[in-house]
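> Chain by chain, the residues:
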Amino acid sequence: MLSIKNLSVKLQEEDKQILKGVDLEVEAGKVHAIMGPNGSGKSTLSYVLSGKAGYEVTDGSATLEGVDLLGMEPEERAAAGLFLAFQYPVEIPGVGNMTFLRTAVNAQRKARGEEEMSAADFLKVIRAKAKDLKIDAEMLKRPVNMGFSGGEKKRNEILQMAMLEPKMCILDETDSGLDVDAMKLVAEGVNALRSEGRGFLVITHYQRLLDHIKPDVVHIMSDGRIVKTGGPELALEVEHNGYADILAEVA
Amino acid sequence: MAEAALSRSSATELTADRKLPDQPWARSARVEALSRLDTLGLPHRRDEYWKFTRPDTLIQMPAPSAAVFHNDEKPLFDDMDRLRIVFVDGVFDENASDDLTLEGVKIERLATAQSDLHWAKDLYGKLEAAGQTPVPRTLAAFNTAYAEDGLLIHVTDKVSKPISLIYTHESDSSDAILHHCIKLDAGTELTVLENGPAAARFNKVMEVDIGDGAAFHHVRAQGRDHERRAVTHMFARLSAESVFKSFTMTVNGKLTRNECVIELTGDDATAHVAGVCVGDGDFHHDDTVFVTHDAVGCESRQVFKKVLRNGAVGVFQGKILVKNGAQKTDGYQISQSLLLDEDSQFLAKPELEIYADDVACSHGSTSGAIDEDALFYLRARGIPQNEATNLLTLAFLAEAVEEVQSDVLKEELTSRLDAWLARHRD
Chain D
1 MLSIKNLSVK LQEEDKQILK GVDLEVEAGK VHAIMGPNGS GKSTLSYVLS GKAGYEVTDG
61 SATLEGVDLL GMEPEERAAA GLFLAFQYPV EIPGVGNMTF LRTAVNAQRK ARGEEEMSAA
121 DFLKVIRAKA KDLKIDAEML KRPVNMGFSG GEKKRNEILQ MAMLEPKMCI LDETDSGLDV
181 DAMKLVAEGV NALRSEGRGF LVITHYQRLL DHIKPDVVHI MSDGRIVKTG GPELALEVEH
241 NGYADILAEV A
Chain R
1001 MAEAALSRSS ATELTADRKL PDQPWARSAR VEALSRLDTL GLPHRRDEYW KFTRPDTLIQ
1061 MPAPSAAVFH NDEKPLFDDM DRLRIVFVDG VFDENASDDL TLEGVKIERL ATAQSDLHWA
1121 KDLYGKLEAA GQTPVPRTLA AFNTAYAEDG LLIHVTDKVS KPISLIYTHE SDSSDAILHH
1181 CIKLDAGTEL TVLENGPAAA RFNKVMEVDI GDGAAFHHVR AQGRDHERRA VTHMFARLSA
1241 ESVFKSFTMT VNGKLTRNEC VIELTGDDAT AHVAGVCVGD GDFHHDDTVF VTHDAVGCES
1301 RQVFKKVLRN GAVGVFQGKI LVKNGAQKTD GYQISQSLLL DEDSQFLAKP ELEIYADDVA
1361 CSHGSTSGAI DEDALFYLRA RGIPQNEATN LLTLAFLAEA VEEVQSDVLK EELTSRLDAW
1421 LARHRD
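In order, the protein sequences belong to chains D and R. The numbers in my numbering rise by one with no breaks, and the one at position 27 of the first sequence is 27. The numbers in my numbering rise by one with no breaks, and the one at position 417 of the second sequence is 1417.
Straight line, CA to CA, 30 Å or less: simulated DSS-like cross-link-like pairs of lysine-lysine: (1) D/LYS141 with R/LYS1410; (2) D/LYS110 with R/LYS1410; (3) D/LYS5 with D/LYS16.
To be clear, the hints were calculated from the coordinates, so they are not data collected in a lab.
Make a model of the complete structure from these sequences and hints.
Here it is, written out as structure tokens:
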């Protein structure tokens, strides 16, 4: 599904190498988690994959189902099936949440040569999915993420994911700023989307999210590289001993 | 002294071949306007009040020509039930207009109102004259002196539909002057719509006297012809508990100066004035607003948004004056521009002048580019860059469009702005 080879990235503005050869293979149907200390390059990886400006790829490749991601515009990557759940979802005054989602769904359909969704169909689908995530009609009407609490913003990210039905989902610290109840709700939303054809890359600091979204594979990232890969037990090890031990062991 | 001499000579140029229309009831108003013009002189680019907008082409004779712009877009407000009154290059077109009869309101043409004791005697030129201090607006005095056509509208009772003024532009060299007077008796309500490019050069004055508890709604669309020029003045006087709401959308045009002069003279009155403009290239748009609070418990609101690209220029001069004794005033003013490139310019002069001690007034002015984080967020969801930019641009304008009361009109105006943005993509 998602195949990353020797991905090396530096900041455009300053001469600072952030990713130093990341290798990662996420298979369809699997959940991979990336853990790592602050500044290890986890968020950079998610931004580079989704096409945010400001980064320069100096080496390596990233493909989704064999298609080169790095040469595409952000909107083309989305239409190809990539989805990033933002760590900090952006507030957009003046753009209704519903309008935004419908525009996004139909833009992707159009880009893939599919028929656009009618207003009535869209309403039916979104109401059902919003209900599962406990997102009320009022939140759908409000401008995108405006006045949303931290938990509401993250639930709104998962709603977008549910509506857009991507092939590959990247969740960037989706647990940050969530209380236990909100985290459960978000995790349920994610778990409901787990399926044979869909891959997940869950980026997190803490093991607790992985209690709710059970990963198949856990990677530890440090200083721009994946330094260790293992099963779910690796996350527990981090939880108990911190990163220092693992980093010392691979150093 | 040199300044005054300069101004006077240009006034002479503008007035040289004109005659005051012969109309006994308006005679003295016209003579007085002419004397104001003579004393105060026409605007000059060295005037502080014209610092950001050069008045030359609004004054020079003959008027600069402006090609008529054709497109097949359906005229605005077309589907609405309304009383249509058409002016072609500033001249009333009887054949294209509906009968000037509507229950609850008396409508007459300025050109044919001959009665010696006309009600408009107490309004024509009066608000304009009051609006000359503290800042002269002598293009409006010039208008009062020489306007031949326009409407005199007296609202006495419930009116069933909006009065829609349609300004058609057919001649490349037209130099049009219109002067409207509108009087709303206590407790009445009226909506006035205006649309169309009007003329190669257009000088319009509207004086609106709003009685106790009356409400005046005004929605205007200044289209669309790229080379047109316009200077317009709205003078409004509000009595107790009355409401004034005015919204203007400006699309294209080489030069537009819209002045709005509002005087809140009765307690608990409300005045909202808002506008959006979108300009691409050779476009200069100036909103100059002066709101005077001279009564207790009044609310005023100014909301202006401008989208500018390819060297377009936007100007906002907005003032709230709270007179001594105008306690419990609630005054708000915001002017913002979205600059879609580095060639465009926004010049703003927000002002508050307050002589009462129990008031809440705020103002803000910003100018910025498209929010890159928001743009990336939309694109990351699959919305192409152009479409995402337009969505954010419309969202930026929405706060001002929200000031329009009617949902139908809001939607129609938004779709026009959307279409304009779609036409002006890179």
